[in-house]
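Student: Read off the chains here:
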Amino acid sequence: NAGVMQNPRHLVRRRGQEARLRCSPMKGHSHVYWYRQLPEEGLKFMVYLQKENIIDESGMPKERFSAEFPKEGPSILRIQQVVRGDSAAYFCASSPGAGDNYNEQFFGPGTRLTVL
Amino acid sequence: QKEVEQDPGPLSVPEGAIVSLNCTYSNSAFQYFMWYRQYSRKGPELLMYTYSSGNKEDGRFTAQVDKSSKYISLFIRDSQPSDSATYLCAMTRYGGATNKLIFGTGTLLAVQP
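Just so you know, the protein sequences line up as chains B and G, in that order.
At the far end of the first sequence sits residue 121, using our numbering, and the numbering has no gaps.
At the far end of the second sequence sits residue 112, using our numbering, and the numbering has no gaps.
Derived by calculation from the structure, the hints in this document are not laboratory data.
By construction, the Cβ of each residue, glycine as well, lies at the ideal position given by its N, Cα and C atoms.
Only true hints are included.
Below are the EDC-like pairs computed for lysine to aspartate or glutamate, each with C-alpha atoms no more than 20 Å apart in a straight line: (1) B/K49 - G/E4; (2) B/K67 - B/D91; (3) G/K41 - B/E109; (4) B/K49 - B/D61; (5) B/K49 - G/D6; (6) B/K32 - G/E44; (7) G/K55 - B/E109; (8) G/K55 - B/D105; (9) G/K1 - B/E46; (10) B/K49 - G/E44; (11) B/K32 - B/E109; (12) B/K32 - B/E73; (13) G/K41 - B/D91.
Computed far set for chain G versus chain B, every beta-carbon distance over 12 Å: (14) Q0; (15) E14; (16) S25; (17) S67; (18) R76; (19) D77.
Start from the sequences and build out the full structure, keeping to the hints where you can.
Tutor: Structure representation (C-alpha cells):
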C-alpha cells in the first residue's frame with residue numbers, strides 16, 4: 006500500500022524560472038493538501054483540493070502560485086517566476102475524505118525547492 | 000497570539016525516560032487533534048489522531064486532550080534513541096468547508112543512549 010508520493014524530491018531553480026511539484030495521494034484518498042515548511046518555521050497550510058476542485062486556497066500567496074488536482078493524474082503545485090524566498094520544503098498530504106477518519110492526513114516525503 | 004503554541008525545546012532525556020510533549024491552543028472550534036513525528040529532512044509521520052477530549056493509547060504513545068483547558072499532550076514511555084525527532088502537534092475544526100491543519104512549531108526531542 007504505497008503512501009503519498011511526491012516528485013521531484015529535490016528541485017533547483019534560478020530566479021524567474023517555473024517550479025512544478027507533483028503529488029500522488031494514497032490509494033483510495035480523494036483529498037489533497039499542500040503545506041510549506043520554511044527554515045526554522047512550522048508547517049503552514051497552502052491549499053486544499055478535491056478532484057477537479059479547489060476547496061480552500063486561503064494559504065496560497067495571491068500571485069505566482071497555483072494548484073490543481075485533475076480528474077486523472079497527480080496534483081500539481083506550480084510556482085511561476087520563483088524568487089529566493091520560495092526556497093522551502095513543500096509537503097503534500099492526502100486524506101480519505103469519508104468515514105470516521107475522513108480528515109486523517111498522511112504526508113509525503115516532500116519536495117525541497119532551492120532557488121538560486 | 001498564535002492559534003497553536005508549542006515549546007520548541009530542545010528537550011533532552013535519557014533512554015528509558017517518560018517524555019511529555021504539550022501544546023496549547025486558542026480556537027475552541029478545534030475538534031480533531033494529531034501528533035506527528037518528523038525526522039530531519041523527512042516528511043511528517045502521523046503518530047496519533049484523536050477526536051474531542053479524552054485519552055488514546057497506541058503502544059508506547061498516549062495522547063491526551065483537555066478541551067476545557069485547550070491543552071493537548073503526547074506521552075512517550077520507555078523512550079528510545081530512535082524517538083529522537085521533532086514532534087509536531089496539529090489540529091483542525093470539525094465540519095466546515097476546509098480540513099486544513101494548524102500546526103505548532105514543533106518540539107525537538109533528543110533521547111540520549
